[in-house]
Every structure is written in structure tokens, then in C-alpha cells.
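For the record, the sequence lines run as chains B and F. Under my numbering, the first residue of the first sequence carries the number 1, and numbering increases by one thereafter. Under my numbering, the first residue of the second sequence carries the number 1001, and numbering increases by one thereafter.
A couple of the hints might just be wrong.
Computed, partial: chain F to chain B, Cβ under 10 Å [unchecked claim]:
1. T1053
2. S1059
3. A1130
Read the hints as simulated data drawn from the structure, not as lab findings. Every residue, glycine too, gets a C-beta built ideally from N, C-alpha and C.
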Amino acid sequence: MTPLIRNTLLGLSLSLASMLAIAAPQISLTVAAEKEIVEVDDKGQQITRRVAATDTVPGDVLFYTIRYSNTGDETARNVQLDNPVPDATAYQANSAWGEGSDILFSIDGGKTFKKASSLTYQVTGADGQSENRQASPEQYNAIRWIIEEVAPGAEGSTGFSVLVQ
Amino acid sequence: MKHLQKLMGGAAFIASAALIPSLAFATAANTTITNTVTVNYTDAASNAQPAETASVAISVNLVASAPLLTSPADVDPTTENTGVNLVYTITSTANGPDTYDFSSADTRTNMDADATFTTPSILLGATTVAAGITAADTVITVPFDGTDDGVVNGLAVGDTIVIDPTGTAEVAIIDSIDESTGAASNTVTITLTAGTTNAFIYGTTIGERDDVTVVVTTDTITTGTSGTHSVLTTATSDADGAVFTTQGTATVITVRRPVLAVTKYVRNVSTAAFNPLVADITVDGVDYYASGVSGNPTDTMQYLIVIDNSAAGAGTANNIVVSDPIPQFTTFVASSIELDDGAGTFVAQDETADDGDAAELDATGNGTVYVYAGAGGDDTAVGAGNGAGGTLLASEISYVIFQVTID
Chain B
1 MTPLIRNTLL GLSLSLASML AIAAPQISLT VAAEKEIVEV DDKGQQITRR
51 VAATDTVPGD VLFYTIRYSN TGDETARNVQ LDNPVPDATA YQANSAWGEG
101 SDILFSIDGG KTFKKASSLT YQVTGADGQS ENRQASPEQY NAIRWIIEEV
151 APGAEGSTGF SVLVQ
Chain F
1001 MKHLQKLMGG AAFIASAALI PSLAFATAAN TTITNTVTVN YTDAASNAQP
1051 AETASVAISV NLVASAPLLT SPADVDPTTE NTGVNLVYTI TSTANGPDTY
1101 DFSSADTRTN MDADATFTTP SILLGATTVA AGITAADTVI TVPFDGTDDG
1151 VVNGLAVGDT IVIDPTGTAE VAIIDSIDES TGAASNTVTI TLTAGTTNAF
1201 IYGTTIGERD DVTVVVTTDT ITTGTSGTHS VLTTATSDAD GAVFTTQGTA
1251 TVITVRRPVL AVTKYVRNVS TAAFNPLVAD ITVDGVDYYA SGVSGNPTDT
1301 MQYLIVIDNS AAGAGTANNI VVSDPIPQFT TFVASSIELD DGAGTFVAQD
1351 ETADDGDAAE LDATGNGTVY VYAGAGGDDT AVGAGNGAGG TLLASEISYV
1401 IFQVTID
């Protein structure tokens, strides 16, 4: 084998190895916050529209939208988006959304997640007996979206809203 | 506790919505609300991939809230054209620092014009509870305001604060503030000089309390002895001019002025038969007459001057100076002046000028008696007739007597 052929084969081998090494999923994320404002049009009708939120006051509802995309060249699997409910806010009932995802909630700061219908906590009654109670949305302090897979180049979005306390 | 705080916070807010603009529970102004999402995932071979995160931050604005304002007690009496200090205690109920501007209005009675007022302003800090307070806690946690300067949302060391000002209203003093944790945890701590008596939930308002003095300058009385200024003061938010509090009960300032009645009587000391049968006034057991008294040359006559400040509603009379020229064809009797300053007892006066009592004689011409009547009169100022007059409170009467002989 001539040195030229040997070097060419070595170069091809390295390139192939390199291509194999970079084949991977890459999830990119953005999160945006919006709030609703009420305006009056020319006809005196009130129009509600959403605008980007940079500031807020207690009582506002904030709408968070999380956009994800797979910028890699391989399918991403078992994608979990975890989003603690921000401090000084309260999760709004039934506000979490996300196409093609399972939505779970946590009431223990993100240690465990369950579907809303399965979220319970124990209290001790006046008779000293423990009983399970259904967690209310205000108790949710983290949200998880589970997406089975995100193909290369695919994108999607999820979101939820909170009440500023 | 996290889930409990969330629950309580949520419930608390429902209450606050009904109370705005007087906030009971809210997030403090200048708090940064940060939402962070994290994604974990694997590749096709179930190899975990590096997690990615994204965040968005939003700042909380001030919500102006009507402050709590006390009503100072009525003032009675004061005098015309006099400054009266009305001290108001104001307490913030907002979720952050705001300046409050004071303005006052007058409803007057029997005064020539409305009172005038100073218009002070005050900056009051405010924040909210960021972690539930347990009774006896000395250290409380509040949101970071974004600046590590030892002042959190306008609250500084030494400030008086009221926790839950529209509810439990527990008063505390700030001993120290530690903002070193602010950047990392978004919360800072305030240490109080003493532990709290009560427990407070997440989101409870903490407002600064301070005193503000409005100086009310009275006007002049239209007629009679008294008039009133009825004062209502309002504290208005700088952040929102539509948010204000007016004192609940007007402060009535009663302005009084003295209305002295001066009457002079006489009696013949030497020859009682020259006095009328019926006295017009008896003072200290001695009868005096407004008229009808006669006398022979060389007879001694005693004059009585009554200075009366007992008119209904009268105020204090100050700087009372009685001057009485010695009548023509008579001669002043040395050492005959006596003064009852209102206490009910005559005290002999020396007519020598500037000698420290309350009477003096100007010997110019036939002479003039000066008596610094009332309490506290003083003739020590150099010269005759320029001493310091005395004082008669409302309903007090001062008496002066002196004698002359008929030439």
C-alpha cells in the first residue's frame, strides 16, 4: 500500500468516526412570558390582547410559553420539560398545555410528579386519623411535560399560566 | 412547607383582590419573578444528554394603596395667627415604597379666613412576607428589591414597621437588614429588635409607619371671643393620585382671644361718710364705688382698677399693662400700689422703677402709675412704662389699688 493510499484511507476513517460521534439530538429551548391588556378600539369595543410581559403587578395573570426544537441530527427521546412554578405566583387551574405530551404536576417541589388526578397529600384529622386529600391547583409547585420523542428538525411548544400574588 | 406556602399564598391573594387598593396580601414591588424551564432527554440509545435550561424574568411593580392615617386630637385653645402642630401617624399598606403628599382643607366658623397649612411629603417603605413568620421570630424574610444597599424597598434600619397593617397590625422596629443573600436567593432578611407576637402568612404586607407634622396657622376671629378651624388632612400617593386617605375625624382647632373688661372704682379712705351707702363692688372686704364719692382737700382716696378676662369663651390675655395718670388736683401716695395678680391676694408694690416688682411710677407731670397686671408682670426693663406685662388666663380677674390725696 502506497503512503498516499494509506493516508487517504486513514483520513476517510477519521471522518467517518467523526461523523458518527456528532450524530446526536440537541434540544433548544426558549421561554416567553405574556400578559393580557385591555384596549378600546375605534368603535369603543374592548379588545383583549397579549403582550410580552417585562413587568407585572399582583393580580396579573402571566402566560408562559415554552418552545422547544431539536436542532440535532438524531431523534431526542424521553424528553422531559420541568418547570417549577415561579415564586410569588400561583398556578392557574387547567392552564398547562402541550400537544403530544403527558402533563404531570408536583406538590413537593419537583421530587415527584403525578397526573393531577393522582396528586394527593396526607393530613391528620381531628380524630388523629390520616386521610388523603386531593391537591388543589394552587398547591402545584412544579410542572413536567413528557414528550416521547422529538425528531430532528421538529419543534413544539407547551405552556401554562400563573396568577401573580 | 413549599406546598403549604403556595396554598396559603393562593388563598391569601383571593382576599387581596377584594381589598385592592388597600393591599392586605401581595408580592412586594421590585421583586423579580423568574421562570426557569429545564429539559432532560436521551438519544436513540437512551444515553442521557446534557440538560438545557431557559429563563424569563419579570419585575413586580408598585401597586399604590391608600395609607392608614390617624386623626390628631382637637386643639383648644390656641390664639389668632398662631402655628399649631398637628402630628399625623401614617402607615403604608402598599407593596413597595411610595411617597405620600399631605394637603389639608379647612371648614371655618367665625374666622375671617381659612387657616393655612404646610404641605409635607414623606417616603414610606413597604414590602411583603416572603416566608411565613412564626410567632417569636426575630428574623423575617422578604423579597429582594434588586439593589444590595442595606435598604429594602424603602425600609431601613431603625424604621418602625407594621406587619399586616390592615389586619393584625403588629408594630416592630428594624434592627438590621441583610441583603447579601438577595442576588442568589431573591430574598433578604430583616432582623427585628424583638420577636413577633403573632404568626403571619406568606404574602402579608409590611408597611412603614412614621409621623408627619402639618403646621396649621390660624386666622383672626371675626367677632366675639372664639372661632374654629375644622381641619381635614389628606395623604395622597405620588404613584397614583387617585389613591389617597383623608383623616376619619376632623381636628377642630378652637381659636380664642382675650376680651378684657377694665373698670375703675374709688372710695374715700379718710371720711367714710363721703362714700355712698351701697357699694358697687367689694374686694377683699373693702367697698368701692363707681360714682357718688366725694372728699375734702387732704382726704385720701383709694382707686380700684378691675381687669376682667372672664368673658365667655375668652382666651388668655398676655402682656397686660395698666397705665393710669394721677388725676389732676391730687397727689400720689407713696407705696400705696397693691396688685392682686388673679390669685386673690393683694401684694404691695414699690413704685420705684425697675426694682423687680410689677409696678412703677413715671413722675413726669402729675405722674402716671404703671402696673404690669396679671401674673408674671415685671418692671425691670429700664425706664418707666416699658416693663413686661402680666398674663390673665380665661376667667381670671386682676385687681390694682393705689391711693392719692386731694390737693
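Hints, verified against the model:
1. T1053: Since chain B brings a Cβ to about 7 Å from F:T1053, closer than 10 Å, the hint holds.
2. S1059: holds (5 Å)
3. A1130: holds (8 Å)
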